[in-house]
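Could you build all of it, start to finish, from the sequences and the hints given here?
There are 2 protein chains.
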Amino acid sequence: MSPLCQHTLLEFHGCDPAQLRHARKVRVLMREAVLRGRGTIVKSLFHNFSPFGVSGVIVITESHVTIHTWPEHNYAAVDIFSCSEKLDHKAIRQRLRETLLARRVSARSFSRGKLPKNLPRVNKRPDAR
Amino acid sequence: MSPLCQHTLLEFHGCDPAQLRHARKVRVLMREAVLRGRGTIVKSLFHNFSPFGVSGVIVITESHVTIHTWPEHNYAAVDIFSCSEKLDHKAIRQRLRETLLARRVSARSFSRGKLPKNLPRVNKRPDAR
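Note that the protein sequences, when read in sequence, are chains A and B. Numbered by my numbering, the letters in the first sequence go through residues 1206 to 1334 in order. Numbered by my numbering, the letters in the second sequence go through residues 1206 to 1334 in order.
Treat the hints as calculated values from the structure; they're not laboratory data. Just so it is clear, the structure is predicted and the values come from calculations on it, not from any experiment. We put the beta carbon where it would ideally sit given N, CA and C, even for glycine. Careful, some of the hints might be misleading.
[Unchecked claim] Straight-line C-alpha distance at most 27 angstroms; calculated DSSO-like pairs for lysine-lysine:
| hint | chain 1 | residue 1 | chain 2 | residue 2 |
| --- | --- | --- | --- | --- |
| 1 | A | 1295 | A | 1319 |
| 2 | B | 1248 | B | 1230 |
| 3 | B | 1291 | B | 1230 |
| 4 | B | 1295 | A | 1319 |
| 5 | A | 1295 | B | 1319 |
| 6 | B | 1230 | B | 1295 |
| 7 | A | 1248 | A | 1230 |
| 8 | B | 1230 | A | 1248 |
| 9 | B | 1230 | A | 1319 |
| 10 | B | 1319 | B | 1295 |
| 11 | B | 1248 | A | 1230 |
| 12 | B | 1248 | B | 1295 |
| 13 | A | 1291 | A | 1230 |
| 14 | B | 1248 | B | 1291 |
| 15 | B | 1248 | A | 1248 |
| 16 | B | 1291 | B | 1319 |
| 17 | A | 1291 | A | 1248 |
| 18 | A | 1230 | B | 1319 |
| 19 | A | 1248 | A | 1295 |
| 20 | A | 1295 | A | 1230 |
| 21 | A | 1319 | A | 1291 |
[Said to hold, decoys possible] Estimated spans, in silico, between C-beta atoms of each pair:
| hint | chain 1 | residue 1 | chain 2 | residue 2 | range |
| --- | --- | --- | --- | --- | --- |
| 22 | A | 1248 | B | 1245 | 18 to 28 angstroms |
| 23 | B | 1291 | A | 1257 | 16 to 26 angstroms |
| 24 | A | 1311 | B | 1256 | 29 to 39 angstroms |
| 25 | A | 1243 | B | 1299 | 31 to 41 angstroms |
| 26 | B | 1315 | A | 1290 | 22 to 32 angstroms |
| 27 | A | 1240 | B | 1243 | 31 to 41 angstroms |
| 28 | B | 1314 | A | 1208 | 14 to 24 angstroms |
| 29 | B | 1320 | A | 1303 | 20 to 30 angstroms |
| 30 | A | 1290 | B | 1311 | 15 to 25 angstroms |
| 31 | A | 1320 | B | 1315 | 20 to 30 angstroms |
[As the list claims (entries may be wrong)] With the Cβ distance kept under 10 angstroms, some of the chain A side facing chain B (calculated, not the full set):
| hint | residue |
| --- | --- |
| 32 | 1210 |
| 33 | 1216 |
| 34 | 1249 |
| 35 | 1251 |
| 36 | 1254 |
| 37 | 1265 |
| 38 | 1271 |
| 39 | 1273 |
| 40 | 1278 |
Right, here's the structure in full:
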């Protein structure tokens, strides 16, 4: 079976809470990390929660990258979901580790969309019309 | 260790491709499924890809629900990420199975944000300011 995509679930612990509090800052950090990973950004959406914490998503041509932050716990959950070998998951992980000042990062990776091998593959995720 | 959130990865195979092609329709299906699961919608973002396929995300107070569709393969990948016991993952899964007319659905579930038990938990994910 040939998977369509790869999905990495990341846990960033012991982060600097100042990097996790505000949507504007988290958006900048995430966009920069995605570009480091050679992602092609389509749209993004970031939201502040009250009293603190951010949820955000960057839709990329390769699929998406999401983040949820808990500054009160110095913790952020990040997902990298991509359907192109071009996207460098490790580069994104490494860059976020640096910018979030995380003490510990754990990762789990999964295949998504396992299809029979003899099915033709249409062009992966080209740019939108 | 007490996890902050639960994350369900869903694979919908053998779907009706007509339900997977256009952002407008996928948005409606997803929003309705999230409401069935008692999710509180904050914002959503859906995007058509060329020649076909949709990527979408619904940010909820409980965190997020995402979808990526491959109508050419009758397949959709859905993620449900929630930090509140209120969100009913199974109800969302069941509703999408019905509306996407999926022949087969597989699920994997994971805990996210395992913290030491003695840390105080701040109010989970209240509504935004």
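Hints, verified against the model:
{"no.": "1", "hint": "A/1295 - A/1319", "verdict": "holds (22 angstroms)"}
{"no.": "2", "hint": "B/1248 - B/1230", "verdict": "holds (17 angstroms)"}
{"no.": "3", "hint": "B/1291 - B/1230", "verdict": "holds (26 angstroms)"}
{"no.": "4", "hint": "B/1295 - A/1319", "verdict": "holds (22 angstroms)"}
{"no.": "5", "hint": "A/1295 - B/1319", "verdict": "holds (22 angstroms)"}
{"no.": "6", "hint": "B/1230 - B/1295", "verdict": "holds (21 angstroms)"}
{"no.": "7", "hint": "A/1248 - A/1230", "verdict": "holds (17 angstroms)"}
{"no.": "8", "hint": "B/1230 - A/1248", "verdict": "holds (19 angstroms)"}
{"no.": "9", "hint": "B/1230 - A/1319", "verdict": "holds (25 angstroms)"}
{"no.": "10", "hint": "B/1319 - B/1295", "verdict": "holds (22 angstroms)"}
{"no.": "11", "hint": "B/1248 - A/1230", "verdict": "holds (19 angstroms)"}
{"no.": "12", "hint": "B/1248 - B/1295", "verdict": "holds (22 angstroms)"}
{"no.": "13", "hint": "A/1291 - A/1230", "verdict": "holds (26 angstroms)"}
{"no.": "14", "hint": "B/1248 - B/1291", "verdict": "holds (18 angstroms)"}
{"no.": "15", "hint": "B/1248 - A/1248", "verdict": "holds (13 angstroms)"}
{"no.": "16", "hint": "B/1291 - B/1319", "verdict": "holds (19 angstroms)"}
{"no.": "17", "hint": "A/1291 - A/1248", "verdict": "holds (18 angstroms)"}
{"no.": "18", "hint": "A/1230 - B/1319", "verdict": "holds (25 angstroms)"}
{"no.": "19", "hint": "A/1248 - A/1295", "verdict": "holds (22 angstroms)"}
{"no.": "20", "hint": "A/1295 - A/1230", "verdict": "holds (21 angstroms)"}
{"no.": "21", "hint": "A/1319 - A/1291", "verdict": "holds (19 angstroms)"}
{"no.": "22", "hint": "A/1248 - B/1245: 18 to 28 angstroms", "verdict": "holds (22 angstroms)"}
{"no.": "23", "hint": "B/1291 - A/1257: 16 to 26 angstroms", "verdict": "holds (20 angstroms)"}
{"no.": "24", "hint": "A/1311 - B/1256: 29 to 39 angstroms", "verdict": "holds (38 angstroms)"}
{"no.": "25", "hint": "A/1243 - B/1299: 31 to 41 angstroms", "verdict": "holds (38 angstroms)"}
{"no.": "26", "hint": "B/1315 - A/1290: 22 to 32 angstroms", "verdict": "holds (24 angstroms)"}
{"no.": "27", "hint": "A/1240 - B/1243: 31 to 41 angstroms", "verdict": "holds (37 angstroms)"}
{"no.": "28", "hint": "B/1314 - A/1208: 14 to 24 angstroms", "verdict": "holds (19 angstroms)"}
{"no.": "29", "hint": "B/1320 - A/1303: 20 to 30 angstroms", "verdict": "holds (23 angstroms)"}
{"no.": "30", "hint": "A/1290 - B/1311: 15 to 25 angstroms", "verdict": "holds (24 angstroms)"}
{"no.": "31", "hint": "A/1320 - B/1315: 20 to 30 angstroms", "verdict": "holds (23 angstroms)"}
{"no.": "32", "hint": "1210", "verdict": "holds (7 angstroms)"}
{"no.": "33", "hint": "1216", "verdict": "holds (7 angstroms)"}
{"no.": "34", "hint": "1249", "verdict": "holds (8 angstroms)"}
{"no.": "35", "hint": "1251", "verdict": "holds (9 angstroms)"}
{"no.": "36", "hint": "1254", "verdict": "holds (5 angstroms)"}
{"no.": "37", "hint": "1265", "verdict": "holds (8 angstroms)"}
{"no.": "38", "hint": "1271", "verdict": "holds (6 angstroms)"}
{"no.": "39", "hint": "1273", "verdict": "holds (5 angstroms)"}
{"no.": "40", "hint": "1278", "verdict": "holds (6 angstroms)"}
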